[in-house]
Amino acid sequence: MLRAIPKGILSALAAALLVTASAAYAQQKDFKPQVGQQGKDVVWVPTPDDVVERMLNMAQTKPEDYVIDLGAGDGKIAITAAKKFGARALGIEYNPDMVAHAQRNAQAAGVLGKAQIVQGDIFV
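Counting in the numbering used here, the sequence shown runs from -17 upward without gaps.
A hint or two may mislead.
Unchecked claim - As a list, the in silico DSS-like pairs of lysine-lysine whose alpha-carbon atoms are at most 30 Å apart: (1) K14 with K66; (2) K44 with K65; (3) K65 with K96; (4) K14 with K96; (5) K96 with K44; (6) K65 with K14.
Stated by the list, open to error - Distance windows between CB atoms, simulated: (7) G21 with I50: 15 to 23 Å; (8) Q19 with K44: 27 to 35 Å; (9) G102 with P28: 13 to 21 Å; (10) G95 with D23: 15 to 23 Å; (11) M37 with F105: 16 to 24 Å; (12) E46 with Q16: 34 to 42 Å; (13) A82 with V27: 15 to 23 Å; (14) Q42 with F13: 29 to 37 Å; (15) K14 with P45: 29 to 37 Å; (16) A41 with V100: 17 to 25 Å.
Hints were generated in silico from the structure; no laboratory data involved. Backbone N, C-alpha and C fix where the C-beta goes; we use that ideal spot for every residue, glycine too.
With the sequences and hints as input, model every part of the structure.
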């Protein structure tokens, strides 16, 4: 036997579905980091490519090294350490959207096996 669903319950279900669908869609969109975007305790400003390479050269980075980047942002330091220096690398980033962005960057650079970007809070 079918019973009528009260209008209030039907409206609540529809609203819940809409919120869930909107959240799922938002997570699928490409995240585009903005220079100066606010983080937990800092703002994001990407390190220029030439500075990344100079830092890794100054550190005499070698394939047997394990580079750790705290506040990894877009993953540039970990990715460069893996791609150009052959080192294994770990980037730790607070913002989960930025983590996903950095992981996509690592995949595009072909270094997912050597450079790992994870979400974590370095300020606790």
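Here's how the hints hold up against the structure:
Annotation: proposed proximity of K14 to K66 holds, straight-line Cα distance about 25 Å (limit 30 Å). Taken as a hint, the K44 and K65 pair is honoured in the structure, with Cα atoms around 11 Å apart against an allowance of 30 Å. Of the supplied pair hints, the one linking K65 and K96 holds, its CA atoms being roughly 8 Å apart against a limit of 30 Å. For the hint linking K14 to K96, the alpha-carbon distance of about 24 Å falls within 30 Å, and the restraint holds.
Distance check on the hinted pair: K96 and K44 sit about 13 Å apart at the alpha-carbon level, within 30 Å; holds. A distance of roughly 23 Å separates the Cα atoms of K65 and K14; the hinted pair therefore holds under the 30 Å criterion. Between G21 and I50 the CB atoms are about 18 Å apart, so this pair conforms to the stated range of 15 to 23 Å. Between Q19 and K44 the Cβ separation comes to about 34 Å, which falls inside the hinted range of 27 to 35 Å.
As the Cβ distance of G102 to P28 is approximately 19 Å, the hint placing it in 13 to 21 Å holds. Taking the beta carbon of each, G95 and D23 are about 31 Å apart, not inside 15 to 23 Å as hinted. Distance hint check for M37 and F105: the Cβ-Cβ separation is about 22 Å, which falls inside the suggested range of 16 to 24 Å. A beta carbon spacing of about 37 Å between E46 and Q16 agrees with the range 34 to 42 Å that was offered as a hint.
Look at A82 against V27: about 20 Å separates their beta carbons, and that is inside 15 to 23 Å. Roughly 34 Å separates the CB atoms of Q42 and F13, a value that falls within the hinted 29 to 37 Å. One distance hint, 29 to 37 Å for the beta-carbon pair K14 and P45, holds here, with the actual separation near 33 Å. Taking the beta carbon of each, A41 and V100 are about 21 Å apart, inside 17 to 25 Å as hinted.
Comparing the model with each numbered hint stated earlier shows that hint 10 is the single one that does not hold.
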